[in-house]
Amino acid sequence: MFNVCNATHYVKECSLSALLYDFVAEAFDLDYPGKIPGYYPSIVGSFNGLLCLAVAATDRLLYNLFLWNPSIRKYKKLPNYTLDVSRRYNLDKHRYSFRFGFAYDAFRDDYKVLGIFPINRNGRLCHVKVKIYSLKSDSWRDIDDFQGRQLLSVSGKLVNQKLHWLDRDRNIISIDLADEKWAEVEKPSDFKGCDFLVLGVFGNDLSAFCNYERMTHVDIWVMKEYGVKESWTKMFTINFPDRPTEYIFTPPIFMSNEGEVLLHFGSCFTKYNLKDDSTRYLDVTNFAPCLEEAEIYVTSLVCPFFTEGTTKATSTELK
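Residue numbering for the sequence shown follows my numbering, beginning at -13 and increasing consecutively.
If you're looking for bench data, these hints aren't it; they were derived computationally from the structure. Check the hints yourself; a few may be wrong.
Here are the simulated BS3-like pairs of lysine-lysine, each with C-alpha atoms no more than 25 angstroms apart in a straight line [what the hints assert, rightly or not]:
id : residue 1 : residue 2
1  : K178      : K215
2  : K257      : K220
3  : K210      : K220
4  : K98       : K21
5  : K98       : K167
6  : K220      : K261
7  : K210      : K167
8  : K122      : K173
9  : K167      : K122
10 : K115      : K98
11 : K98       : K117
12 : K167      : K215
13 : K210      : K173
14 : K215      : K257
15 : K122      : K178
16 : K117      : K178
17 : K167      : K115
18 : K63       : K115
19 : K98       : K63
20 : K220      : K173
21 : K98       : K122
22 : K210      : K257
23 : K261      : K210
24 : K63       : K122
25 : K173      : K215
26 : K178      : K220
Predicted model, so just to flag it, every value in this text is computed and none were measured.
Please take these sequences and the hints and turn them into a complete structure.
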């Protein structure tokens, strides 16, 4: 499993089994590709042992994108995207409003990266450019956007060969990688009392995590049959721990067969036990106190096709 600390620009690796079953786990620093002092990396997604990284570049409108297999220390830098925008438009503030998604297109046996770039005029959103990268063709091309909506989630969540984001009205928007068609996924009506909504993937299903105003608990919902509104099911509720911390809640990372849920509140890894409603903070040595995001990663020998380089650090495999 990998985590990113944006404040100090670290990418670290930690064994999932150690977090779940050992008393003390250890995190290891990784020498990720494209490192630029003062600019942070972001994990777009992972699939088949490949991680997609977006690393902020010195150009304020550009992210350097990489497909990286830490297990074999191979990576490929994607060609830079270009944003040919009329002079009457201004890109929305800066690159931090850009959105990306990474997925494997099984129909075409191809890895793809989707880029979403909002464009405004006089401070108002007027257009959204969408580009898709194909590893087979090693190139970007333009595709249609979804009714000009601006999406909130940083990285798209991959379920059922579709990437998913939330828009400003907290609607769930998806794009099918096979036909590149956009759609809206229906939510249950019970979401109405939710003050803060986050999308995730729980097992292989689309999930939603609802925070409430008083920050006392979060509900975990799962769409058990994709595309069927009635299949949304509230799986369980996690009560926030009493220990003071900044409750920046992100979706659960993993649930074991024993009913223990791995997640993090603020900058701490915790293990929540569904059976007795208990929370235990986990000790991780060499862990940055500013966890921003975490991604489950399974080691593989998959090579990002035509490799352009190797990283220097030796990666540690998850067991």
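Against the structure, the hints:
As the CA atoms of K178 and K215 are separated by approximately 15 angstroms, the hinted pair is consistent with the 25 angstroms bound. Our distance criterion of 25 angstroms between C-alpha atoms is met by K257 and K220, whose separation comes to about 20 angstroms. In summary, the hint linking K210 to K220 is supported, as the alpha carbons are separated by about 10 angstroms, within the 25 angstroms threshold. Annotation: proposed proximity of K98 to K21 holds, straight-line Cα distance about 22 angstroms (limit 25 angstroms).
For the hint linking K98 to K167, the alpha-carbon distance of about 15 angstroms falls within 25 angstroms, and the restraint holds. Taken as a hint, the K220 and K261 pair is honoured in the structure, with Cα atoms around 16 angstroms apart against an allowance of 25 angstroms. For the given pair, K210 sits about 22 angstroms from K167 by alpha-carbon distance, which is consistent with the 25 angstroms threshold. Restraint check for K122 and K173: not satisfied, since their Cα atoms lie roughly 35 angstroms apart, outside the 25 angstroms limit.
The straight-line distance between the Cα atoms of K167 and K122 is roughly 20 angstroms, inside the 25 angstroms bound, and the hint therefore holds. With a C-alpha separation of about 17 angstroms, the suggested pair K115 and K98 falls inside the 25 angstroms cut-off, and the hint holds. The straight-line distance between the Cα atoms of K98 and K117 is roughly 10 angstroms, inside the 25 angstroms bound, and the hint therefore holds. In summary, the hint linking K167 to K215 is supported, as the alpha carbons are separated by about 20 angstroms, within the 25 angstroms threshold.
Taken as a hint, the K210 and K173 pair is honoured in the structure, with Cα atoms around 12 angstroms apart against an allowance of 25 angstroms. For the given pair, K215 sits about 30 angstroms from K257 by alpha-carbon distance, which is inconsistent with the 25 angstroms threshold. As the CA atoms of K122 and K178 are separated by approximately 42 angstroms, the hinted pair breaks the 25 angstroms bound. Between K117 and K178 the alpha-carbon distance is near 33 angstroms, which puts this suggested pair outside the 25 angstroms criterion.
Between K167 and K115 the alpha-carbon distance is near 15 angstroms, which keeps this suggested pair within the 25 angstroms criterion. Simply put, K63 and K115 have alpha-carbon atoms about 22 angstroms apart, close enough for the 25 angstroms limit, and the pair holds. Restraint check: the Cα-Cα separation between K98 and K63 comes to about 13 angstroms, which is no more than 25 angstroms; the hinted pair holds. Restraint check for K220 and K173: the C-alpha separation of about 12 angstroms stays at or below 25 angstroms, so the hint holds.
With a C-alpha separation of about 9 angstroms, the suggested pairing of K98 with K122 holds against the 25 angstroms cut-off. Note on K210 and K257: the hinted pairing holds, with a Cα-Cα distance of about 24 angstroms set against a maximum of 25 angstroms. Only pairs whose Cα atoms come within 25 angstroms are accepted, and K261 paired with K210 is accepted, the gap being roughly 22 angstroms. Between the alpha carbons of K63 and K122 the distance comes to roughly 14 angstroms, so the proposed pair stays at or under 25 angstroms and holds.
Taken as a hint, the K173 and K215 pair is honoured in the structure, with Cα atoms around 6 angstroms apart against an allowance of 25 angstroms. At most 25 angstroms may separate the alpha-carbon atoms for a hinted pair to count; K178 and K220 meet this at roughly 14 angstroms.
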